[in-house]
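There are 2 protein chains.
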Amino acid sequence: MIENKPFQTIVTHLLKMRPQILLFGDSITEQSFRTGGWGASLADTYSRKADVLVRGYGGYNTRWALFLLQHLFPLGAVKPPAATTIFFGANDAALLGRTSERQHVPVEEYKENIRRIVNHLKECSSTMLVVLIAPPPVDEEGRMKFARSMYGDKAMKLPERTNEMAGVYANQCVELAKEMGIRSINLWSKMQETEGWGKKYLSDGLHLTPEGNGVVFQEVIRVFNEAWLSAAEMPYDFPHHSEIDGKNPEKAFQQKCL
Amino acid sequence: MIENKPFQTIVTHLLKMRPQILLFGDSITEQSFRTGGWGASLADTYSRKADVLVRGYGGYNTRWALFLLQHLFPLGAVKPPAATTIFFGANDAALLGRTSERQHVPVEEYKENIRRIVNHLKECSSTMLVVLIAPPPVDEEGRMKFARSMYGDKAMKLPERTNEMAGVYANQCVELAKEMGIRSINLWSKMQETEGWGKKYLSDGLHLTPEGNGVVFQEVIRVFNEAWLSAAEMPYDFPHHSEIDGKNPEKAFQQKCL
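Chains as they are written, first to last, in this note's numbering: chain H, 1 to 258; chain G, 259 to 516.
Don't read these hints as lab results, they were simulated from the structure. Any given hint could turn out to be false.
Far from chain H by the CB rule (all over 12 Å, computed), these chain G residues [claimed, not checked]:
#, residue
1, G295
2, R313
3, H362
4, K415
5, M438
6, K448
7, M492
Below, simulated DSSO-like cross-link-like pairs (lysine-lysine); rule was C-alpha separation at most 30 Å, straight line [unchecked claim]:
#, chain 1, residue 1, chain 2, residue 2
8, G, K307, H, K16
9, G, K380, H, K79
10, H, K199, H, K154
Don't be surprised by glycine CBs; every beta carbon is placed ideally from N, CA and C.
This is chain H alone, in the form it adopts within the complex (with noise of 0.2 Å):
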């Protein structure tokens, strides 16, 4: 059928576009490829294999990201991501009765925004690889630190967020994910295994130094290296160069082009 042929033209093509991996998330994703970022080091090492989408918004909780959903994530796309990264809780757990309050929301309700982001995503693809990133620590006194330097005698007298709110946060993600049989990573518990972590990871007491962002990265690829999305696995999308014979470079690539 003729109408069909732009149809299926089109259907073909997106079928042969390689794989993407969206990281979703708050202003810790929106930043990812500022200067060592880990989504500017996840492009790097998946070159040639797969395409890395940032999709970050900073200053967003759980509740305002439901709204970005079907935009992001429309049910029926014929090539939906490979894989998700979901970012989000340091926002959530703002404090009460602080001066970033407007952004709170509540525990439970963090834990039920992030189960329906994870069903959305699940029923937009069922293979899609879903991994929960639970929200990093935070240190209080680098974020009075910071806010001092920004508004002086203005500044908050109190932290907004603090590092044991926070771990509540972390723990209901992670939790999420056993509950729900993915993957996850703990933040929060893992850069505190280090000596120094409120200097040495993050740059004022909440978003992430490039050492900081190295940890990301690392933590990421070891889960998908451990699911089914190990770069190193992965083949190249042409010959490399090295294949390429000088005198007969046809050869190469009518045996490679994905």
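The hints should help you fit chain G onto chain H, whose structure is shown.
The following block gives chain G in isolation, referenced to the frame of chain H:
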């Protein structure tokens, strides 16, 4: 018609996808998501506005790049890239009779190959912003030093690339852009405006240091801004978090969801 429904749904999804910026080139493009890389910086700049995809193929010359065209830029795609950078020449300019001669492509053929790439992209999408990037200069001393560090006494005795020859290819690249009425970046000239460019911008006499990546990033941004692809003028995909009313978040999302 029922048959057309999925077709239209798919096309609608595709048209709603954010614009793509594709980086097509050799190793200098493939490595552009390493720490301080120009590709990662572009992805950061266009976050929430456009996706930056790396299509870099280490060791490739323009002759081999032609084999990839129909795969990377299929004709009839519903949503071709909004912009593409074409960044070849460093390998084409490898000298005959030296250690990298299998990568050599005569300069006349190099120019014609780039012309074929541009023509294919224009056939793919007449509105695509196509930017040619000429190869960087070569620091012959840096190349020799790198070879000795890798191969010791077995290293090449004569450089496999010269700065003079890289300049010949860069000139042809810029010349072609003028002929075709498209934009170009003369990286070879630009980098040599700075004292000590060899060590400052090149890590092994050919590939880029973080500072060298910074030059490419600034030049690409300058050209994109001069065209119609200024990140500052592109809308955010969803509301900035400060626009969201904590008590009535729906409102912001009803007003602004691209």
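### List of violated hint numbers, smallest to largest
1, 2 and 3
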